[in-house]
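Dock the two chains into a complex; use the hints.
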Amino acid sequence: MIGGFTKRLGRELNDLKSNPAVGISVFQADDFRIWLIDIKVMDDNPIYVGKKFRLQFRFAPTYPIEAPEVQFVASYGIEIPMHPHIYSNGHICLDVLGSGWSPVQTVASVSMSIQSMLAGNDRNERPPDDARYVAHAPISPKNTRFVYHDDSV
Amino acid sequence: MDEQQHNSASEQAVSERDPDLRALKYVMLDDNLICPICRCALVDPCYTKCGHTFCTLCLFKALSQTPKCPVDRSSLSDADVLPPPKILSNMVNELLVHCSNEDKGCKRTCQRSLLRHHLLESCEYTPVPCPSATCDQFVERRYIDSEKPARCLHELIACRACDVKIPEIEIATHELVCSQRTLKCPDCAVVFTMADIVSHTSECAMARVPCNANNIGCKWVGIRAKLKNHESECTFIALAPVIEKQEDRIARLELENKSLRIQPSLTTTSGMVDSDAFHIFTEHERFRSELEKVSEQLGELEIRHGVLIMNQNVRLKEEVQSMRNAMHGIRHQMHFLLMEHRNWALQNLNSSMITSAAASLSSQTASSSNNAQFSGETSSIGRGTRRENESFRQDVRL
Numbered sequence: 274m275i276g277g278f279t280k281r282l283g284r285e286l287n288d289l290k291s292n293p294a295v296g297i298s299v300f301q302a303d304d305f306r307i308w309l310i311d312i313k314v315m316d317d318n319p320i321y322v323g324k325k326f327r328l329q330f331r332f333a334p335t336y337p338i339e340a341p342e343v344q345f346v347a348s349y350g351i352e353i354p355m356h357p358h359i360y361s362n363g364h365i366c367l368d369v370l371g372s373g374w375s376p377v378q379t380v381a382s383v384s385m386s387i388q389s390m391l392a393g394n395d396r397n398e399r400p401p402d403d404a405r406y407v408a409h410a411p412i413s414p415k416n417t418r419f420v421y422h423d424d425s426v
Numbered sequence: 004m005d006e007q008q009h010n011s012a013s014e015q016a017v018s019e020r021d022p023d024l025r026a027l028k029y030v031m032l033d034d035n036l037i038c039p040i041c042r043c044a045l046v047d048p049c050y051t052k053c054g055h056t057f058c059t060l061c062l063f064k065a066l067s068q069t070p071k072c073p074v075d076r077s078s079l080s081d082a083d084v085l086p087p088p089k090i091l092s093n094m095v096n097e098l099l100v101h102c103s104n105e106d107k108g109c110k111r112t113c114q115r116s117l118l119r120h121h122l123l124e125s126c127e128y129t130p131v132p133c134p135s136a137t138c139d140q141f142v143e144r145r146y147i148d149s150e151k152p153a154r155c156l157h158e159l160i161a162c163r164a165c166d167v168k169i170p171e172i173e174i175a176t177h178e179l180v181c182s183q184r185t186l187k188c189p190d191c192a193v194v195f196t197m198a199d200i201v202s203h204t205s206e207c208a209m210a211r212v213p214c215n216a217n218n219i220g221c222k223w224v225g226i227r228a229k230l231k232n233h234e235s236e237c238t239f240i241a242l243a244p245v246i247e248k249q250e251d252r253i254a255r256l257e258l259e260n261k262s263l264r265i266q267p268s269l270t271t272t273s274g275m276v277d278s279d280a281f282h283i284f285t286e287h288e289r290f291r292s293e294l295e296k297v298s299e300q301l302g303e304l305e306i307r308h309g310v311l312i313m314n315q316n317v318r319l320k321e322e323v324q325s326m327r328n329a330m331h332g333i334r335h336q337m338h339f340l341l342m343e344h345r346n347w348a349l350q351n352l353n354s355s356m357i358t359s360a361a362a363s364l365s366s367q368t369a370s371s372s373n374n375a376q377f378s379g380e381t382s383s384i385g386r387g388t389r390r391e392n393e394s395f396r397q398d399v400r401l
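These protein sequence lines are chains A and B, in that order.
For the first sequence, position 35 (counting from the first letter as 1) is numbered 308 according to my numbering, and the numbering increases by one without interruption.
For the second sequence, position 108 (counting from the first letter as 1) is numbered 111 according to my numbering, and the numbering increases by one without interruption.
Chain B extracted, bound-state conformation (with noise of 0.2 Å):
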């Protein structure tokens, strides 16, 4: 461990000279570039005889330790080790690095074989030895002032707040951390120290503090002491959980909808589902219109029926009535027929009995029963004729 905090310390002290080459930041850095050794870009690059390139130091590392190129495992000696071709060490060395400084604020970037220079000549975030000969310390470039006569930057100061003695070239930094260092609260003029302010900007009753759902719109800003009481009848505040909810939902759905979006683009099989989704949807289209035409022209037919069997049913009143009407006319006839022929038997009754004036009382019987016979035919007969009056007047019911 000691050892080590050693090498770090001399390692520093080396870099105030010459920057550390494998420690640097590169702009933009080849591959091919790369030591396979210690992965950085080529440092000191060299060739061996098997064709590979490292960084001298790192391939005569490997070497004592196996006398095998690290690459390909050749046995490799010293003398096998060549100088670079000139293209290989000047594109190593024009790289594009940022300063090493820059995690002070430096925002140089130069060629690497330039920035040795920069750092010496001009980086204003270099430490150099402090102007004043007594001083022993380093002091960065940017606090030295060359019209000003040389003094000691590190000459200690007390700290205004804490009475802690800091050198002059720190001071303000620490002048702006001190946590004894007071301040003014710019509300309610209350004086704390640093370490305090922080706490109580964040409760101060007379800061002034926007209300709490200004995000979705409310504009009332007051101090802090009388917040409570308007969010009380903040309508804003009231609904900040619905609007809450409402957006939380939205950001759901839109996600949600961005994902179905994205899917049907993703692959050619969605595409097909695409386009058979845009077939099936055609022809539901398609198959609607037709439903609504039938529906159409049933409704027209039925209309059209409707008034079809009313005229052919008027037509067959109308021919019944006239059925019924000649049937009157030839009940009426067959019932004159019938009286006569009745009126025509009689007589002829009448004749006979008049021609058999004579004629005996055993003949008598047998021509009462022959009449009797003869009722009951004509009688049979108007029934048949009414029975099929009446089987005509159901069909025209029906």
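Chain A extracted, bound-state conformation (with noise of 0.2 Å):
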């Protein structure tokens, strides 16, 4: 398995090329170490509704076992989405970008769940704790110790 972890991305990639998730789009993907992603939330939730969104997959050399560093990037038009669980440096509070990470999981199917997690919001606000967060937050989202004590969103 040593350099697997290029032969796997060489196949995400691949089948998010040729057979793409809905609002899912590669927006670059040039070598095997930082992914950008382009998501759309596709039903016409108010907050989200005719957005695009820009997360940003970096990826190490012990992925899949280890999740990649996952987080909303703002770009020339395409901003960090409203969320109580999206900080505005664009760190996301999802499990399973830490401690809930599995090897099985892909760059489709994270997309896909940060998509869905979007999709489920109805409320147009940042965490609580955003501005204090955001002050003292480490580079990566991987070294925050998020307290996952919110399933309702």
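Honestly, the hints are just simulated from the structure, not real lab data.
By construction, the Cβ of each residue, glycine as well, lies at the ideal position given by its N, Cα and C atoms.
This list has only true hints and no planted wrong ones.
Quick partial rundown of chain B residues pointing at chain A, CB under 7 Å, derived from the structure: (1) 25; (2) 39; (3) 40; (4) 41; (5) 42; (6) 64; (7) 65; (8) 68; (9) 73; (10) 74.
In silico lysine-lysine, DSSO-like type, Cα no more than 27 Å apart, as pairs: (11) 290(A) - 313(A); (12) 110(B) - 280(A); (13) 110(B) - 28(B); (14) 107(B) - 168(B); (15) 280(A) - 71(B); (16) 52(B) - 64(B); (17) 231(B) - 187(B); (18) 28(B) - 290(A); (19) 222(B) - 248(B); (20) 107(B) - 280(A); (21) 52(B) - 89(B); (22) 415(A) - 71(B); (23) 64(B) - 415(A); (24) 28(B) - 280(A); (25) 64(B) - 280(A).
Reference listing, derived: stretches of chain A covered by chain B, where coverage requires no fewer than 3 residues with Cβ under 8 Å from a Cβ of chain B: (26) 278-286; (27) 332-340; (28) 375-381.
Written out as structure tokens, the structure is:
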């Protein structure tokens, strides 16, 4: 399995391109370190309707045994989505990206989890501790010990 | 980065003995035989107590991170990992794969479990140690000739063109691309190097080239120097833009035609439109034939009507004539009668004058006034008949 993560990512990329899920498209995947995936919320949730968001996946050679670093990134015309579990710096509080990670998950399945997390949200707000978190947040969201206390959203 | 390079180097060393089964291209692969962790065909599969299958290596790596089944997250220890059913190992071992030297040119496909043997024993493209005892490099098996005595194929030989020393085994491929190799242009016999010959052949004045309009029918072939001359008088060249435009248009129309042809058969509603159109068309046809019939009948009717009117006219004219004749007769008779009457009156008057010859002068004036009154009466009758006559004539003229 030495170097196996590039093979698996290669396969995932082929899959994403040849047989993409609705609302999920590869924006950039030039190497096996950082991918940018664009997602759209497909139902008519008024908070996200007509908007596009960009997820950044950062892979380590330990992928897929360990989770990739996943966060939202802002770009020209693309903002960080409003959600009570998404901080304004793009970090996402979602258990499958941390302790809930399993190696059978893929970029596509994570993107779909986040897509459905957005689709099921009806609160147009940031997490309550957003300002404090953003001021002290580590660069990688994986270094944050999120407490998954709220399963309502 | 360094570590990665080291890793790939060691990987290559391994692959010389054991092919990397995850990098292979499978002829056909069932989704059920794919490891959910590495997303490749299962290699050395294992089986968990919760019923999931993984590559053994993948599963133990995952378990070292979290002691849970990667699929259903039930807790799992090393002891819960079982050897797979025989049938599963057989299935993955008998998967057909392309030889891992496919990119070098090996066309072989074989069962996965036999690939190692193929690579070690028979694949022509497997690197094997150089036959020379002193050389420690590798050479692909196809270069080794077992008939000839063993010799090193890595001895450096100078390229005849560029003087660079190249191992013997690579000299043939090098010579094909060596930029210093000289070549004679087949057309103008000037000698060029490989680097220049490509640009030269595209502009060699002595090269035989076809007319630029050969795709639309010009048969002219000649040396490039005369091409300009030919093109200035070639009819095909003059026609080319027109033909091109036409072809463009035809292509566009064909496309449109195709899309139009597809459209009606796409949905049932358009099928209805189709039948509607057919209905309207037949209706139209029916109306047209009816109109033709009607106009024909109208023409016939007109002719018949005309004949009828003419006949009637003739009859009426005849009648009018006869009536006019009758009227003349009547007028003559009336005239005659009037004359008779006047004569009779005059005679009467004369006789009364004779009988009353002895009448006095005073009564004479009275009788003359009576006479005048009578003549006025006759003239008024004559005028009346003439007026009647005139009005009748007017009727006929109408």
